[in-house]
Every structure is written in structure tokens, then in C-alpha cells.
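Chemist: The residues making up each chain are set out below.
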Amino acid sequence: MKRLLDHTTVRRVVALLLLLAVWETASRLNWLDPFYAPAPSAIGKVLFSLFAEGQIWTHLEATFSAAILGLVAGLALGIVLGFVAALMPLLAQLIEPVMILLNAIPRVILAPLFVIWLGIELASKVALALILVAVLIFFAVYSGIKEVDQRLVERVRTLGGDRRVLIREVYVPSVTAWVMGSLKVAVGFAFTGAIVGEFVASSRGLGYLLQFAQSSYNAALTIALITLIMAFVIVLFAISEWLERRLLRWRYV
Amino acid sequence: MLRVRNLSVGYGAEPVLEGIDLEVKTGEFASLIGPSGSGKTSVLRAVTRLLQPLAGRVDLDLAPNDIGFLFQDDALLPWRTARQNVALGLRIRGNAAKEAEDMADHWLGRLGLEVFGDRYPRQLSGGQRKRVAIAQVLALRPKLLLMDEPFASLDAIVRTRITQELLAWVEQEHMAVLLVTHDLEEAISVSDVVYVLSQGPRAGIRARHEIPIPRPRNLLETRRDPCFAPLLTTLWDDLSAASVTDDSAQ
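Going down the list, the protein sequences come from chains F and C.
Residue 0 is where the first sequence starts when you use numbering that gives the first Met the number 0, and the numbers rise one by one after that.
Residue 0 is where the second sequence starts when you use numbering that gives the first Met the number 0, and the numbers rise one by one after that.
Derived from the structure by calculation, the hints contain no laboratory data.
Every residue gets a Cβ at the ideal spot worked out from N, C-alpha and C, and that includes glycine.
Certain hints may be false.
[As the list claims (entries may be wrong)] Simulated coverage check for chain C against chain F, where a stretch passes if three residues somewhere in it have a Cβ under 8 angstroms from a Cβ of chain F:
hint, segment
1, 76-83
2, 220-229
[Stated by the list, open to error] To give an idea of the chain C side of the interface with chain F (calculated C-beta under 7 angstroms), a few residues:
hint, residue
3, 10
4, 47
5, 49
6, 64
7, 72
8, 119
9, 122
[Claimed, not checked] Residues from chain C that keep clear of chain F, each with C-beta distances beyond 12 angstroms, as calculated:
hint, residue
10, 7
11, 21
12, 73
13, 155
14, 168
15, 212
Next up, chain F with everything else stripped away, as it sits in the complex (with noise of 0.2 angstroms):
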């Protein structure tokens, strides 16, 4: 038993299950008010409900497009924007001001815009999304290619290597390492995305899901879709997390 406990994960679990005991007892002895802090049992009730009823599918659906879509573009858009004003010093002048200007403020408060832009359906969450993850990606490309070690880029050179050469084996790999560093940040940025422009205006997805959970004072309904969200975003920190690990394979050998 102890040396089961020794292993990190198994500790994490004990720890969240000791947690969700005590809750559950405490719940059950009345010492929590089930209106603002429901039992854990209660929640599990209404998240089994949503997929037992099939009504959460249609919401998951409209979430993960917005937030997978605004991921991927977010992804391109932020390492397209990256290398070009890394390695064009005139775009640069245009680019870098414009980024550093989104990135000072909070980027949510662009969500009411989208919405009059491109209307309450996909398109202006997957705008908020890309938004959120395209600044974010921006600088991580950015600064990998001007932090780009310099004797790689000598060493490259001196072999004969020119610019193509130089971006294909020194900065590709350089800002690749960068980019997957940021990839855990970027995919709970798409998340919020999506879910904060379906907060704004929507007629589905978790995000309309949670405003009506708390227009109608429904803690476990709110609480439901909470965990749902983590959860969801736990499996897709893995799946960055493998990509990772086999995209920078030198780095874990």
C-alpha cells in the first residue's frame, strides 16, 4: 500500500476521492446547502442525465467545433504571422505592434464585436477562439526565431546551408519546441473561446448550456457542466502532451 502510494498519480486520486468523500458525507449530514453546493452523487445524477437523454450532444458538437476549428487556425494564423515578421523586419513593423496591442488586453472583450460581425452561430466563436490562440502562438513563433540559438545558425551557414536550409533544419525544429510549449496554454485558450462567445450570444453549446444553468439558479447543472469541461480539456492536454513528446522525441530520449 505504501508503495502504491509513492506513485504520483495514485496519490492525485486518493486525494481527489478522499475529497469527493468528504463532500458527498458532508452534503449528506446537511452541512452544505444543496442549492449553492449540491453532492457530488447529485452532479453525477445530471451528467449522467445529459448523455442518458442525448440532449449535451448537440451542445459538445457546437463547443468542440468552435474551439477545435479556432485552435487549428489559431495555430496557423499565430506561426504564419510568426516567421513572417521574424524573418521580414519590414512586415514586422506592421505585425508586432498590432500583437502586442491584442495581447495587452483582455481578448474576450472582443467577443460582442464578433458577434455583430458574424452573428450569433460558429463563425464568431471560432473568431474568439483564433483569436485568443493566434496572439499566444504569435509570440511563441516569434520568439523561438529571434532566440534561435546562434551557433546552430552559424554552424548551418558555414556547412553551405542557405536561408531554405536554414529554416528547414535550425528554425522549423527551433520554434516547433516553442510552439508544443505552448500548446497546453493554447488549447484551454480555445476553449475559453468558444465558451465565453457562446456565454455572449449563442443558441447552443456548454457555453449557452452554463448561462442557462445560472439564469435558472442550477448549481448541480452548473457544476455538471464544469467538470464536464475539465474533463475534456484533460483528455486533449494529453493528447499535447503525447504529441509533444513525439514531436520533440530528441528532447525525452
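Given chain F, put chain C in place with the hints provided.
Modeler: Same frame as chain F, but now just chain C:
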């Protein structure tokens, strides 16, 4: 093969080096020694066009692809295996990927690294990484080899062994070499001619000494050559005088 004429190099308005003249002939092993900060590395960087000279010229009787540069740091790409690192220069020079990797394996084998081809640099020791860097440069069969204190970070035994291997290869291939070092004994042991730089800024060539030790050489045996000790004393005096002159100037 390499002629440097009246070269001035700097990182700003004031030259680090000024009026440098030196020459390396085909098959000649030249060393450049000098105090720290005298700009020894800058000479090599100017020769390879990594640094634009403020004045003077660098004349080469060979194509840029015939120059090999062995850096102070091994500077291997961390995301490429030893084989891929060695193959990189070959691929840049137009060899097909398979052919380049076969040649890389051959060169890794020559340097005693045949079983390390699939390892990444972080999985290799300092000496092994240095050997990979040597294989990377030698695989390109350079006619002129520039070396910037390449073995400074290695312990004495590994350093002597690798230097001896490289020296044997250079002698066999009749390669021209310009070595930057601040190790006087190493300079005498491997070189045909040693240039002494004065202290920078505005460092210049203070002296040039021919080393009449016959080839092929054995690093340990060169120290027993009758001219070794007097040469060491001369180089030591040159360097000390350069430092004293500069100290008094300051």
C-alpha cells in the same frame, strides 16, 4: 591557399583587430595564439564571411565549399541524430539522403562512433559530440580547416587523443589548417607556423615563428624534441610582453 592582408575587424566603430597579415599554404598547419580578447576567433569569422571586415581583404585559392569550420562548441543540431548531423553538410552539398547517410556512417565509423549513429547529441558524452562535429566537417573533405579552440572543453586525455587523431588525418590528407588556441604547447605540437597576436583592442600580429619539428608527429613525442622547450619560452615571452605592454598602456 589563404592570404589575409591588412585585415581590420570590429564589432562597432573601434577595431578589435587591425592590420592583420597572415598566410596559410597548402598542407600547412598554422596556429594563431594570443591573450583572451585579442580577437583570435574574429579572424576565423572574417575568413568564413560570418563577420564583415572593416578593412583589408581575405584571399582564398579555393571555393567556399572547400572550407571546413570546427567551432569551439560542438554546435550539433539537438533534434538530429549523430548520423543526421554528419549527413547534413553532405545533403546541403547535393548528395542524396541515402548516400549522405551512408557516407555519414562511414565517417562515424572512422572516428570510432559506428554504434552511436542513432543517438541524439544529448545522449553522447562531450568527447563523442566533438568527434561527431569532426566527422561532420571531415566528411566534406575540406581543403582548408579552420578550428576555433575546438577541444578546449575536453579533459586532457580525451583532448590529446582526439587532437592526435585529427593531426594524423590532416597530415594524411595534406590539409591546410588554421587553428586558434591559447594553449602554447598545443600550438607548437601541431603547427608548422605560429602567429602571435597582441592584446586587443587594435590587436595585431606580434610575431611569427616557424616550428621545425618533422612530420608525421606524435603529440607526446614532440614535447621531447630539442626545439620544443626554447620555442615554448619564446612564445611565452612574446605573449607576456604583449600583455605587459598593454597593461602599461592602460
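Chemist: Compare the structure with each hint and give your call.
Modeler: Hints and how they fare:
Figure legend: the segment 76-83 of chain C, annotated as covered by chain F; annotation consistent (4 residues with Cβ-Cβ distances under 8 angstroms, at least 3 required). Coverage of the segment 220-229 of chain C by chain F is violated. Counting CB-CB distances below 8 angstroms, 0 residues qualify, and the rule asks for three or more. Interface hint at residue 10 of chain C: violated, since its Cβ lies 14 angstroms from the closest Cβ of chain F, which is beyond the 7 angstroms cut-off. A cut of 7 angstroms between beta carbons decides the hint on residue 47 of chain C: the least distance to chain F is about 6 angstroms, and the hint holds.
Interface hint status for residue 49 of chain C: upheld, as the beta-carbon distance to the closest one in chain F is roughly 6 angstroms, under 7 angstroms. For residue 64 of chain C, the interface hint holds, since its Cβ comes within 7 angstroms of a Cβ in chain F; the closest pair sits about 6 angstroms apart. Because the beta carbon of residue 72 of chain C sits about 5 angstroms from the nearest beta carbon in chain F, less than 7 angstroms, this interface hint is met. Taking 7 angstroms as the C-beta cut-off, the interface hint given for residue 119 of chain C holds, the closest approach to chain F being about 4 angstroms.
Checking residue 122 of chain C against chain F: minimum C-beta separation of about 6 angstroms stays under 7 angstroms; hint holds. For residue 7 of chain C, the shortest C-beta to C-beta distance to chain F comes to about 21 angstroms, beyond the 12 angstroms cut-off, and the non-interface label holds. No beta-carbon of chain F is positioned within 12 angstroms of the beta-carbon of residue 21 of chain C; the least distance is around 20 angstroms. At roughly 9 angstroms from the closest C-beta of chain F, the C-beta of residue 73 of chain C falls inside 12 angstroms, breaking its exclusion from the interface.
Listed as a non-interface residue, residue 155 of chain C keeps its Cβ farther than 12 angstroms from every Cβ of chain F; the least gap is roughly 25 angstroms. Its beta-carbon lying about 19 angstroms from the closest one in chain F, residue 168 of chain C satisfies the requirement of being farther than 12 angstroms from that chain. For residue 212 of chain C, the non-interface assignment is confirmed: its Cβ lies about 30 angstroms from the closest Cβ of chain F, beyond the 12 angstroms cut-off.
Violated hints for the displayed structure, listed by number in ascending order: 2, 3, 12.
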